[in-house]
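Novice: Listed below, chain by chain, are the residues.
2 protein chains.
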Amino acid sequence: MSVFCDYGGMFMSLYDGSGLVETIKTRGDVYSADCPCRDLLDVVANKWSALAIGALADGPVRFGVLQRQLEGVSPKVLTATLRRLEGFGLVHREVIPAVINRAGGPIDGPDSLIDASITAPGTPTGRDLLIEVRAVSVNPVDVKVRASSNRARKDRVLGWDASGVVLATGGEATLFRPGDEVFYAGSIDRPGSYASWQLVDERIVGTKPASLTHAEAAALPLTAITAWEALFDKLRLTTETTGTLLVLGAAGGVGSILIQLAKALTGVTVIATASRPESRAWVEQLGADIVVDHTDPDLARSILKVAPGGVDFVFTSQSKGRIPLFTKVVRPFGQIVAIDDERDLDFYALKDKAISWHWEFMFARPRHGWNLEAQHELLNRIAELIDAGRIHTTLTRALEPVNATNLREAHTLVETGHMTGKIVVAKHA
Amino acid sequence: MSVFCDYGGMFMSLYDGSGLVETIKTRGDVYSADCPCRDLLDVVANKWSALAIGALADGPVRFGVLQRQLEGVSPKVLTATLRRLEGFGLVHREVIPAVINRAGGPIDGPDSLIDASITAPGTPTGRDLLIEVRAVSVNPVDVKVRASSNRARKDRVLGWDASGVVLATGGEATLFRPGDEVFYAGSIDRPGSYASWQLVDERIVGTKPASLTHAEAAALPLTAITAWEALFDKLRLTTETTGTLLVLGAAGGVGSILIQLAKALTGVTVIATASRPESRAWVEQLGADIVVDHTDPDLARSILKVAPGGVDFVFTSQSKGRIPLFTKVVRPFGQIVAIDDERDLDFYALKDKAISWHWEFMFARPRHGWNLEAQHELLNRIAELIDAGRIHTTLTRALEPVNATNLREAHTLVETGHMTGKIVVAKHA
Numbered sequence: 000m001s002v003f004c005d006y007g008g009m010f011m012s013l014y015d016g017s018g019l020v021e022t023i024k025t026r027g028d029v030y031s032a033d034c035p036c037r038d039l040l041d042v043v044a045n046k047w048s049a050l051a052i053g054a055l056a057d058g059p060v061r062f063g064v065l066q067r068q069l070e071g072v073s074p075k076v077l078t079a080t081l082r083r084l085e086g087f088g089l090v091h092r093e094v095i096p097a098v099i100n101r102a103g104g105p106i107d108g109p110d111s112l113i114d115a116s117i118t119a120p121g122t123p124t125g126r127d128l129l130i131e132v133r134a135v136s137v138n139p140v141d142v143k144v145r146a147s148s149n150r151a152r153k154d155r156v157l158g159w160d161a162s163g164v165v166l167a168t169g170g171e172a173t174l175f176r177p178g179d180e181v182f183y184a185g186s187i188d189r190p191g192s193y194a195s196w197q198l199v200d201e202r203i204v205g206t207k208p209a210s211l212t213h214a215e216a217a218a219l220p221l222t223a224i225t226a227w228e229a230l231f232d233k234l235r236l237t238t239e240t241t242g243t244l245l246v247l248g249a250a251g252g253v254g255s256i257l258i259q260l261a262k263a264l265t266g267v268t269v270i271a272t273a274s275r276p277e278s279r280a281w282v283e284q285l286g287a288d289i290v291v292d293h294t295d296p297d298l299a300r301s302i303l304k305v306a307p308g309g310v311d312f313v314f315t316s317q318s319k320g321r322i323p324l325f326t327k328v329v330r331p332f333g334q335i336v337a338i339d340d341e342r343d344l345d346f347y348a349l350k351d352k353a354i355s356w357h358w359e360f361m362f363a364r365p366r367h368g369w370n371l372e373a374q375h376e377l378l379n380r381i382a383e384l385i386d387a388g389r390i391h392t393t394l395t396r397a398l399e400p401v402n403a404t405n406l407r408e409a410h411t412l413v414e415t416g417h418m419t420g421k422i423v424v425a426k427h428a
Numbered sequence: 000m001s002v003f004c005d006y007g008g009m010f011m012s013l014y015d016g017s018g019l020v021e022t023i024k025t026r027g028d029v030y031s032a033d034c035p036c037r038d039l040l041d042v043v044a045n046k047w048s049a050l051a052i053g054a055l056a057d058g059p060v061r062f063g064v065l066q067r068q069l070e071g072v073s074p075k076v077l078t079a080t081l082r083r084l085e086g087f088g089l090v091h092r093e094v095i096p097a098v099i100n101r102a103g104g105p106i107d108g109p110d111s112l113i114d115a116s117i118t119a120p121g122t123p124t125g126r127d128l129l130i131e132v133r134a135v136s137v138n139p140v141d142v143k144v145r146a147s148s149n150r151a152r153k154d155r156v157l158g159w160d161a162s163g164v165v166l167a168t169g170g171e172a173t174l175f176r177p178g179d180e181v182f183y184a185g186s187i188d189r190p191g192s193y194a195s196w197q198l199v200d201e202r203i204v205g206t207k208p209a210s211l212t213h214a215e216a217a218a219l220p221l222t223a224i225t226a227w228e229a230l231f232d233k234l235r236l237t238t239e240t241t242g243t244l245l246v247l248g249a250a251g252g253v254g255s256i257l258i259q260l261a262k263a264l265t266g267v268t269v270i271a272t273a274s275r276p277e278s279r280a281w282v283e284q285l286g287a288d289i290v291v292d293h294t295d296p297d298l299a300r301s302i303l304k305v306a307p308g309g310v311d312f313v314f315t316s317q318s319k320g321r322i323p324l325f326t327k328v329v330r331p332f333g334q335i336v337a338i339d340d341e342r343d344l345d346f347y348a349l350k351d352k353a354i355s356w357h358w359e360f361m362f363a364r365p366r367h368g369w370n371l372e373a374q375h376e377l378l379n380r381i382a383e384l385i386d387a388g389r390i391h392t393t394l395t396r397a398l399e400p401v402n403a404t405n406l407r408e409a410h411t412l413v414e415t416g417h418m419t420g421k422i423v424v425a426k427h428a
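So the sequences go chain by chain: X and A.
Heads up: the first sequence at position 265 corresponds to 264 in numbering that gives the first Met the number 0, and the numbers run straight through without jumps.
Heads up: the second sequence at position 37 corresponds to 36 in numbering that gives the first Met the number 0, and the numbers run straight through without jumps.
Watch out, some of these pointers could steer you wrong.
When chains are identical, the list treats them as one kind, so a pair holds in a single copy or across two.
[As the list claims (entries may be wrong)] Mimicking SDA-like on lysine to any residue, the simulated pairs with C-alpha atoms at most 25 angstroms apart in a straight line are:
| id | residue 1 | residue 2 |
| --- | --- | --- |
| 1 | Lys319 | Asp386 |
| 2 | Lys350 | Pro276 |
| 3 | Lys350 | Asp232 |
| 4 | Lys262 | Arg342 |
| 5 | Lys143 | Glu171 |
| 6 | Lys350 | Glu399 |
| 7 | Lys304 | Asp114 |
| 8 | Lys153 | His391 |
| 9 | Lys327 | Leu371 |
| 10 | Lys350 | Gln317 |
| 11 | Lys319 | Ala209 |
| 12 | Lys153 | Arg279 |
| 13 | Lys327 | Glu372 |
| 14 | Lys153 | Ala403 |
| 15 | Lys304 | Glu283 |
| 16 | Lys143 | Leu412 |
| 17 | Lys350 | Pro331 |
| 18 | Lys327 | Trp369 |
| 19 | Lys262 | Asp292 |
Honestly, the hints are just simulated from the structure, not real lab data.
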């Protein structure tokens, strides 16, 4: 039997492969080295978890091995030991390592992303999960938020794309238990995933695909949620839908998973835009039926050549200056779903063909507390599709460990706009 | 047996209640009073149709009784007579009365709408129908096109909402036969309905509701097509759809039929805006579940009071300055369908809640030749719903006959923006 021991900020929990064995709540304060339970903590340090070492360190804790699988320790012994620790009135206010954003501007500024210790999130309440982050992916939103934080404000933990393990669950949580491996994007209005631990509402968390590593899984949630909502909530495609879907920004993070979902779950013909040879190869590998070059000066003609009556659907993460293209290549009553942040588009020009414009913004649900469970469900569907081999991770680059140096490199790569697929920074190999 | 005789510009057709009996093509030129067939034309004049009287008049023809039902005349006799007329090489280049728009600006300008004689449309070809217009409705689009025609250009026949009778059909037409009573909006890129005769593609024409007069029917097509496309093509509501639909501009032409369709064919709760007592009474009579006052300085609060989670759907013909309202009262992932012509709306503000914006423009299909049959089918559905008593005409005011004076009055009423329902100008009582 495998036994895991988690030791969170305000709780201890002990569980095995079949589920939670025991959770012990502790009180808040800081361990001291002359704690009367020193001997027991040594046991913890040696046998259980690196967390407990941190608990003795009277300072920033290193969580290199937050959850170490232990062999040959009986749950009964561990439980008894935890009870003794509890009996001593153990107190534990955790500090966790994180990478924080302190100032906006270029990535090479001194305060763009820095290693730091931050106060650990408290015991989860309500439907929150406390999650140990194992890998985090960098998206354009990370870059945008980091670069634009140009006013004095509190340090911020960025990162909205992660894979990890549930450490503890809030009192009203029903979907997950400690030990569950999960992946999620989270909420842009809460602290992000560039930290060892993170609180996330379980309704926007899915079960990690069993066949993927945490790094491979972390590449998916934000883009998969976005692509899923774009295709199925916005365009409302079904398995019966045929016609043509133009994907602008096809080689990017969202495009890379959206093409796969469109091919796996609908009958549309995907016309993907790509320019560089590696991008073309990438989108073809993902399933694009036709590739057109978005740098083509007569892109409209190239598209109408393959979709003479105009395309039925458009997904765009590259809308800047594209309204004239859309009015030419989208058929009457066609639909466009956009995820980027263009404010000065001439939307009125779309009226002549009665074209619909859908904004897709995956943080709309968590921000406004609307129908959150849909993201839980769609992430689980994504995991099933991955495990069934019907779609694949979009991970193309992985760095480790999670620290400011690697996250700066990831931001730099995303900022160029030339990434194919996704970059992940992982805690473990 | 009832027998009708139509005598069109380039053809004669004879038919009875069971269908077309005969059509005789004639050549183009102008009748003269000393035509050798004078005696036969007298027969026509006396017994058949006022059209033939016009044919002798060497000038603008009066079409007061284009299709007169004749009793006691055998089809055989009529056919024989028509053949004789044909044998004389009869020639007929028709001039028809119309109301034309010669200049833009205010409705009281001398050339805004004037009585005139125009060349009749030729024999229908392809899928066109030649229709004798019996009644025409005035919509905001008429006012807009008339007022904005401020450059020198050809006289234009406005009018995109009519009820009438098919006089003749093009060689590829299959949906209608001469004598059929029809209603339609037509195409904004072709001459409109302020004329006795009009060519219209049969694929955007529906069978007139049998239970309505031409005036009652003419109130419907443009608004019913718009409302249908808005509810069912854009918002994709079904009989199963519940939730809330906010209707801005509820007492107007489109709003008046849209409320009825929403209540008859979906499960949504309709929140209608109206301010004046007569408008409130009108929208309540149409089926609105809740009426809010759009002049209320805290309209958002009033709406959220009845739809606490935000409304699911919005129809708007009054979008000016309303984006801040929409961002407050529309739920995340909500949908707005708009028909007006606001160019400077801050659409980007809708992204935060991932709201969809659908343009509805009923002329998009005819203008771009896309899926025209859908309008034929939906107009027939409208007629069925009317005849089944499930929805009702939105006619609130009728003037007669069709002339510049009455059309100027109708334009003036529409321009105020305070019409409840629709105004029609009809040829006959």
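Novice: Each of the hints needs a verdict: does it hold here or not?
Specialist: Here's how the hints hold up against the structure:
1. Taking the shortest alpha-carbon separations for lysine 319 and aspartate 386, neither the intra-copy value of 36 angstroms nor the inter-copy value of 50 angstroms comes in at or below 25 angstroms.
2. For the identical chains of this complex, lysine 350 and proline 276 are neighbours neither inside a copy (36 angstroms) nor across copies (33 angstroms), given an alpha-carbon limit of 25 angstroms.
3. Taking the shortest alpha-carbon separations for lysine 350 and aspartate 232, both the intra-copy value of 22 angstroms and the inter-copy value of 15 angstroms come in at or below 25 angstroms.
4. When the C-alpha separation of lysine 262 and arginine 342 is checked against a cutoff of 25 angstroms, the pair qualifies neither within a copy, at 31 angstroms, nor between copies, at 36 angstroms.
5. For a Cα distance limit of 25 angstroms, the shortest separation of lysine 143 from glutamate 171 qualifies neither inside one copy, at 34 angstroms, nor across copies, at 58 angstroms.
6. For the identical chains of this complex, lysine 350 and glutamate 399 are neighbours neither inside a copy (49 angstroms) nor across copies (34 angstroms), given an alpha-carbon limit of 25 angstroms.
7. In this assembly of identical chains, the alpha carbons of lysine 304 and aspartate 114 never lie at most 25 angstroms apart, being 52 angstroms within a copy and 48 angstroms across copies at closest.
8. For a Cα distance limit of 25 angstroms, the shortest separation of lysine 153 from histidine 391 qualifies neither inside one copy, at 38 angstroms, nor across copies, at 61 angstroms.
9. Taking the closest pair of Cα atoms, lysine 327 and leucine 371 come within 25 angstroms of each other only across two copies (19 angstroms); inside a single copy the shortest separation is 37 angstroms, beyond that limit.
10. Proximity of lysine 350 to glutamine 317 under the C-alpha cut-off of 25 angstroms is found in both arrangements, the shortest distances being 20 angstroms within a copy and 15 angstroms between copies.
11. In this assembly of identical chains, the alpha carbons of lysine 319 and alanine 209 never lie at most 25 angstroms apart, being 39 angstroms within a copy and 51 angstroms across copies at closest.
12. Taking identical chains as interchangeable, the C-alpha atoms of lysine 153 and arginine 279 are never at most 25 angstroms apart, the minima being 42 angstroms within one chain and 52 angstroms between chains.
13. In the homo-oligomer, the alpha carbons of lysine 327 and glutamate 372 lie at most 25 angstroms apart only across protomers (23 angstroms), although the nearest pairing inside one protomer, at 38 angstroms, exceeds that limit.
14. When the C-alpha separation of lysine 153 and alanine 403 is checked against a cutoff of 25 angstroms, the pair qualifies only within one copy, where the shortest distance is 18 angstroms, while the shortest distance between copies is 70 angstroms.
15. Taking the closest pair of Cα atoms, lysine 304 and glutamate 283 come within 25 angstroms of each other only inside a single copy of the chain (19 angstroms); across copies the shortest separation is 51 angstroms, beyond that limit.
16. Proximity of lysine 143 to leucine 412 under the C-alpha cut-off of 25 angstroms is restricted to the intra-copy arrangement: shortest distance 13 angstroms within a copy versus 52 angstroms between copies.
17. Taking the shortest alpha-carbon separations for lysine 350 and proline 331, both the intra-copy value of 9 angstroms and the inter-copy value of 23 angstroms come in at or below 25 angstroms.
18. Taking the shortest alpha-carbon separations for lysine 327 and tryptophan 369, only the inter-copy value of 14 angstroms comes in at or below 25 angstroms, while the best intra-copy value is 35 angstroms.
19. Proximity of lysine 262 and aspartate 292 under a CA criterion of 25 angstroms is satisfied intra-copy only: 20 angstroms inside one chain copy versus 48 angstroms between copies.
In summary, the numbered hints that this structure violates are 1, 2, 4, 5, 6, 7, 8, 11 and 12.
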